[in-house]
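A.B. asks: Chain residues, written in single-letter form:
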Amino acid sequence: MILNGVTIDDEFAEAFGMKATRVLITAHTLEWAHRAAASATGFATSVIACGCEAGIERELTPKETQDGRPGVAILLFAMSGKELARQIERRVGQCVLTSPTSAAFAGITDGEAVPLGKNLRFFGDGFQSSKLIAGRRYWRVPVMDGEFLVEETTGVIPAVGGGNFLVLAESQPQALAACEAAITAMRKVPNVIMPFPGGVVRSGSKVGSKYKALQASTNDAFCPTIRAVTASQLSAEIGSVMEIVIDGLTAPDISAAMRAGIQAVVKLGAAKGIRRVSAGNYGGKLGKFHFRLREIMAS
Amino acid sequence: MSSLRLTLKSRPAQALDLSPLVPERLAGLSKPEIGALEIATGNRRVRVDQLFSVAGDPGLALEIRDGCDQLQGVGAGMTQGAIVVRGDVGAYLGAGMTGGTIAVHGNAGAFAASGMREGEVRITGNAGDFLGAARPGDHQGMRGGVVLVSGSAGDRAGDRMRRGALLIEGNAGDYCASRMVAGTLAVWGGVGRFPGLAMRRGTLLLQRSPAALPPTFNESGTFPFTFLALLARAWRNLPGPFGKLPESGLQYRRFMGDLANDGRGEILIRV
Numbered sequence: 005m006i007l008n009g010v011t012i013d014d015e016f017a018e019a020f021g022m023k024a025t026r027v028l029i030t031a032h033t034l035e036w037a038h039r040a041a042a043s044a045t046g047f048a049t050s051v052i053a054c055g056c057e058a059g060i061e062r063e064l065t066p067k068e069t070q071d072g073r074p075g076v077a078i079l080l081f082a083m084s085g086k087e088l089a090r091q092i093e094r095r096v097g098q099c100v101l102t103s104p105t106s107a108a109f110a111g112i113t114d115g116e117a118v119p120l121g122k123n124l125r126f127f128g129d130g131f132q133s134s135k136l137i138a139g140r141r142y143w144r145v146p147v148m149d150g151e152f153l154v155e156e157t158t159g160v161i162p163a164v165g166g167g168n169f170l171v172l173a174e175s176q177p178q179a180l181a182a183c184e185a186a187i188t189a190m191r192k193v194p195n196v197i198m199p200f201p202g203g204v205v206r207s208g209s210k211v212g213s214k215y216k217a218l219q220a221s222t223n224d225a226f227c228p229t230i231r232a233v234t235a236s237q238l239s240a241e242i243g244s245v246m247e248i249v250i251d252g253l254t255a256p257d258i259s260a261a262m263r264a265g266i267q268a269v270v271k272l273g274a275a276k277g278i279r280r281v282s283a284g285n286y287g288g289k290l291g292k293f294h295f296r297l298r299e300i301m302a303s
Numbered sequence: 285m286s287s288l289r290l291t292l293k294s295r296p297a298q299a300l301d302l303s304p305l306v307p308e309r310l311a312g313l314s315k316p317e318i319g320a321l322e323i324a325t326g327n328r329r330v331r332v333d334q335l336f337s338v339a340g341d342p343g344l345a346l347e348i349r350d351g352c353d354q355l356q357g358v359g360a361g362m363t364q365g366a367i368v369v370r371g372d373v374g375a376y377l378g379a380g381m382t383g384g385t386i387a388v389h390g391n392a393g394a395f396a397a398s399g400m401r402e403g404e405v406r407i408t409g410n411a412g413d414f415l416g417a418a419r420p421g422d423h424q425g426m427r428g429g430v431v432l433v434s435g436s437a438g439d440r441a442g443d444r445m446r447r448g449a450l451l452i453e454g455n456a457g458d459y460c461a462s463r464m465v466a467g468t469l470a471v472w473g474g475v476g477r478f479p480g481l482a483m484r485r486g487t488l489l490l491q492r493s494p495a496a497l498p499p500t501f502n503e504s505g506t507f508p509f510t511f512l513a514l515l516a517r518a519w520r521n522l523p524g525p526f527g528k529l530p531e532s533g534l535q536y537r538r539f540m541g542d543l544a545n546d547g548r549g550e551i552l553i554r555v
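Quick mapping for you: the protein sequence lines, in order, are chains A and B. Be aware that the first sequence starts at 5, since it is given in my numbering, and climbs by one per residue. Be aware that the second sequence starts at 285, since it is given in my numbering, and climbs by one per residue.
Any given hint might turn out to be false.
Within a straight-line C-alpha distance of at most 20 Å, the following computed EDC-like cross-link-like pairs (lysine to aspartate or glutamate) qualify [claimed, not checked]:
id, chain 1, residue 1, chain 2, residue 2
1, A, LYS289, A, GLU15
2, B, LYS293, B, GLU322
3, B, LYS528, A, GLU68
4, A, LYS192, A, GLU68
5, A, LYS271, A, GLU299
6, A, LYS67, B, GLU531
A short, non-exhaustive set of chain B residues, derived as facing chain A with CB atoms under 10 Å [claimed, not checked]:
id, residue
7, GLY428
8, GLY448
9, GLY467
10, THR468
11, GLY486
12, GLY549
Hint data in this document are derived by calculation from the structure and do not stem from the laboratory. Backbone N, C-alpha and C fix where the C-beta goes; we use that ideal spot for every residue, glycine too.
With these hints in hand, go ahead and build the complete structure from the sequences.
C.D. replies: What follows is the structure, encoded as structure tokens:
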């Protein structure tokens, strides 16, 4: 499949079952909601070492939030509900509770309820109080700028993590420009996040390493500077490869995000130095979700 | 929705206990069976069709016409369905109900919504004393749901209230929110003497400043409380002023007390 001069490899992205929740963070201004959200989703690029993968899903208008203030929706993903619950509590406790004027609410009410403010309330040292409003419990925790309002629980549901595609370009600036265009398009898709910095990862990995202590190492087949000494998958004209990783609440959400992103890449086309789009997988044996590039782009 | 209509033939000399006539019980009966049900009045039991004319279709909707203050326990213990009363009702309206809705187009007697756990009660007229309060011997009053009184309420509204929202568009009498344990009691009009006396936790939300507060309440200052936006949004579908409460821009003075009883309750007064 060749679209606008860009070859779409006959490959598939291999993704895994995860657990996810959405937290709605509001504040006095959208800027402060963003600050709290950015902090809460920081250092959350990969479950390998961060505990969870998290990112900002979208901005919320005052009409969309429970307290009528501007807000930001974040999504958090982890390999187990238990680890996700731990991460939610740490991140909301250290990054949202601490952020001026903030409040935090459940963005998912289905699934298993895990603590959001249920334990954070004890920061109130006995001065906290609860309100049961429309069947949902909220905690009012006194803090120095007023009150931190937080919903007691948030819902954890099954989700999908690790959708991806690779952008292969003639040069580093061209690969970066294509990925930026892709991320701009993908951020309009609901229920997904791209957890790496700016949504883009340049250090794609393979399973295993020559060093026994490491579970993963650089994806040498896609590293242009060592193509002379590896089983490279890069032809001579490829000078840079970047990857976009997608976590989504459902498989169709990831498919929609991949389609939007690849369409944006293809739109730049060969004229802008984009030669191929590929995907990362482990032979199909590890992850139960397979996203075939050509099927996604043909649908 | 089709409903069963019970029209009171004449005002009874003694109070009637209507608590057996809840929608979920009547839904499976025919009109003759409903007419043959017996309800207590004084030390006697009387057939329903001796007191009411029975019409309409039995189901989860019940309409009581020509109500009066002798009709006690209307909707008490109901779990689902809807009751509409045209006229007044006596004491214990919706007491202990765990679901469904009650609309009274008239006044209600004492202890309305006492022990209520879930559902909604609307009273277009006035409510008597002990609205949402604990009955003698009970540890807790209202424990959930929403009660909206378009008129005024008597003394001791919300006494020992534990959870839920009690909204009074008119005035509330003395000792409003006394011994309150938790929940939200909001009064749009004025309140009588000693509001919040002995309250432990919970919120007494006032739109007007009372003449005086008990000396065991201390002021914490004036704030725009975020949680009030959630309450305002939850009440948005209600008729009357509470349904129009702004979600933002309001400031409330916060008085904490009763310091003689743990002191974690609050009286919020709109400024």
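A.B. asks: For each hint, tell me whether it holds in the structure or not.
C.D. replies: Now for the hints, and whether the structure bears them out:
no., hint, result
1, A:LYS289 x A:GLU15, "14 Å, holds"
2, B:LYS293 x B:GLU322, "16 Å, holds"
3, B:LYS528 x A:GLU68, "18 Å, holds"
4, A:LYS192 x A:GLU68, "16 Å, holds"
5, A:LYS271 x A:GLU299, "18 Å, holds"
6, A:LYS67 x B:GLU531, "10 Å, holds"
7, GLY428, "8 Å, holds"
8, GLY448, "8 Å, holds"
9, GLY467, "8 Å, holds"
10, THR468, "7 Å, holds"
11, GLY486, "8 Å, holds"
12, GLY549, "9 Å, holds"
The earlier numbered hints are all upheld by this structure, with none contradicted.
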